[in-house]
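**Q** Okay, here's what each chain looks like letter by letter:
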Amino acid sequence: MRKILIIALVLLASWPAQAAVPDLNINLTDDHVDITAGFNGERLTLFGVRRDKGDIAIVVRGPGASVTVRRKEPVLGLWMNRESVTFENVPLYYDMAMSGPLKRIAGPDVLAGHEIGLSNMQFRYTGQEEEGVVDRFREVLIRNRQEHGLFPLEPRRIKFLDGNFFRADFYLPPDVPTGIYTIDAYLFRDGGITSLKQATLRVAQVGFNADLYNFANKGALLYGLAAVFLAFGTGWAAHYLLRRD
Amino acid sequence: MFWVQTSGFGLRMLIYLPIAEMTVHAEAILLLGAAVGFLSGVFGVGGGFLTTPLLIFMGMPPDVAVGTQANQLVAVSTNGMLSHWRKGNVDVKLALVMFSGSLAGTFAGILLFRMIQYFGQSDLIIPILYIILLSTMGTLMLSESVMAAMKKTKKEGRARLRHHPFFQALPYKMRFPRSRLYVSAFLPAGIGFVGGILVSVLGVGGGFILVPAMIYLLGMPPLLVAGTSMFQILLTSIIATIAHAFTSHTVDLMLAAILIAGGVAGAQAGVKVARRIKSVYARILLALMLLIVSFQLAGTLLIKPDDVYSVSVAL
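Residue numbers (my numbering), protein chains in the order written: chain U, 4 to 248; chain P, 174 to 488.
For the record, the hints were derived by calculation from the structure and aren't laboratory data. We treat Cβ as the ideally placed atom computed from N, Cα and C, and that holds for glycine. Don't take each hint at face value.
[Said to hold, decoys possible] Restraint ranges, calculated between C-beta atoms of paired labels, are given here:
#1 U:ALA68 <-> P:GLY472: 30 to 38 Å
#2 P:ILE301 <-> U:ALA229: 30 to 38 Å
#3 P:LEU461 <-> U:PRO176: 37 to 45 Å
#4 P:PRO350 <-> U:GLY236: 27 to 35 Å
#5 U:LEU245 <-> P:ARG287: 39 to 47 Å
#6 U:PHE211 <-> P:TRP258: 28 to 36 Å
#7 U:ASN217 <-> P:TYR454: 20 to 28 Å
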């Protein structure tokens with residue numbers, strides 16, 4: 004009983020000091036991105052404040068999925084898919100902002116441990132086991148995601164507005180995958196992480212688009228009948244409206 | 174509701190598709206719908222052999238392309254069929270017999286498709302099937318229609334293949350008064366069966382195989398071919414749309430609406446053109462188009478691709 008009391012007292016004494024004055028705080032201007040029929044990509048702005056003069060890295064990760072990379076080879080003169088590697092847990096969106104060059108901020112072990120930076124992402128894979136082949140397929144995957152604007156070509160810069168008050172801008176392209184995004188902000192000191200803050204972002208269809216999506220998935224048979232009816236009706240109406248004779 | 178922006182020349186309208194979950198240029202889809210609708214009006218084919226590959230080429234998920242394309246076929250074939258219907262150029266009895274075969278073919282096709290997937294080379298087998306089909310039909314049609322055009326026969330090469338002893342020996346002969354035919358029901362049902370397989374394996378309406386088969390195999394009066402094949406495609410595409418929507422949720426109404434809007438306009442223009450050009454020349458054009466698409470597809474298999482790697486995301 005006494006031991007518990009002491010532990011509780013020690014916790015009480017030490018805990019509020021950290022919680023009340025966090026070293027790092029971030030805030031998204033909007034915690035959701037609404038996709039409507041007119042969705043054409045969206046800017047994502049994040050504000051934050053640091054207590055410490057350390058470097059900062061912010062990583063935005065989209066929902067994960069398995070991604071297969073295939074390579075075509077000629078077989079009897081026909082180009083067909085031969086080798087393939089399936090990477091599991093690939094974030095469908097990845098972007099990052101930093102306050103300085105990655106190498107200056109932290110050592111490779113720390114960056115790899117938290118998967119900060121494209122080259123530090125850890126993909127589990129199945130398929131071809133040779134390491135050289137897997138590395139090449141991995142490069143192809145990253146290049147492909149970069150072409151779609153879903154992986155960064157280079158990290159963004161964190162802008163300091165006033166001493167310790169900073170801002171980071173990200174951009175979600177029109178083809179951004181829907182789902183829950185996580186945003187991790189790291190504060191570094193002497194190459195190690197001293198503080199970590201997390202936020203989530205919900206990317207989802209809203210309004211008419213969301214209604215259609217739900218109808219298609221929950222009332223599938225009715226949706227199919229409605230689709231047929233609409234198409235038949237349009238074809239019928241068009242015939243009688245557009246005919247000239 | 175829509176994001177309209179002007180840039181450079183003209184109007185670019187971007188629209189987010191709820192089922193495909195991607196942004197597309199609405200005017201590109203509209204144009205695609207119009208082009209395919211035009212073809213369906215002129216030749217009495219659905220045009221799926223162009224829509225599906227082009228939608229996939231635009232980055233659409235293949236299953237959404239196939240499912241939505243079936244839905245747009247309903248509108249295009251309704252519209253096109255009605256023009257022929259009013260002129261009495263639809264043999265309903267023949268179309269219904271073909272449709273019964275098509276239903277069986279659709280289910281057989283689903284089994285066949287599962288088998289192709291099981292052996293894992295659908296990337297290779299599907300284009301090869303396309304190439305074999307398109308080039309065979311194209312070559313047959315081209316040689317026949319060029320011969321007919323040169324001879325300038327009134328009959329327009331109405332073939333007598335159904336008089337072949339094999340087809341004569343088939344049981345269950347039926348009369349089709351509208352087409353003035355007396356043939357075994359297995360002949361039109363068999364043609365429908367092949368059409369049904371094409372719907373489920375390749376995601377195409379199968380008009381490009383129905384039309385020549387009805388001309389050369391059945392020996393139907395060419396005037397009835399377009400309307401009857403379109404009526405049959407309408408029935409098949411209704412079933413296909415409901416099946417896709419029910420089993421895989423891959424019918425995108427937004428995408429279908431844009432394709433349909435372009436399609437009905439294109440079909441209207443196509444039917445007008447069809448009245449002016451001789452059906453022999455229309456067949457030559459269709460044959461050439463089938464050959465061009467098949468050469469294009471053969472090229473993708475034979476020529477080294479720009480990027481030997483492909484990346485696909487499983488959601």
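**Q** Each of the hints needs a verdict: does it hold here or not?
**A** Against the structure, the hints come out as follows:
1. Between U:ALA68 and P:GLY472 the beta carbons are some 32 Å apart, a value that agrees with the proposed interval 30 to 38 Å.
2. For P:ILE301 paired with U:ALA229, a C-beta distance near 36 Å keeps the hint of 30 to 38 Å intact.
3. One distance hint, 37 to 45 Å for the beta-carbon pair P:LEU461 and U:PRO176, holds here, with the actual separation near 40 Å.
4. Checked against the given bound of 27 to 35 Å, the beta carbons of P:PRO350 and U:GLY236, roughly 31 Å apart, stay inside it.
5. In this structure the supplied range 39 to 47 Å holds for U:LEU245 paired with P:ARG287, their Cβ-Cβ distance being about 42 Å.
6. A beta carbon spacing of about 34 Å between U:PHE211 and P:TRP258 agrees with the range 28 to 36 Å that was offered as a hint.
7. Judged by the Cβ atoms, the range 20 to 28 Å given for U:ASN217 and P:TYR454 is violated: they are separated by roughly 49 Å.
When each numbered hint is compared with the structure, a violation occurs for hint 7 only.
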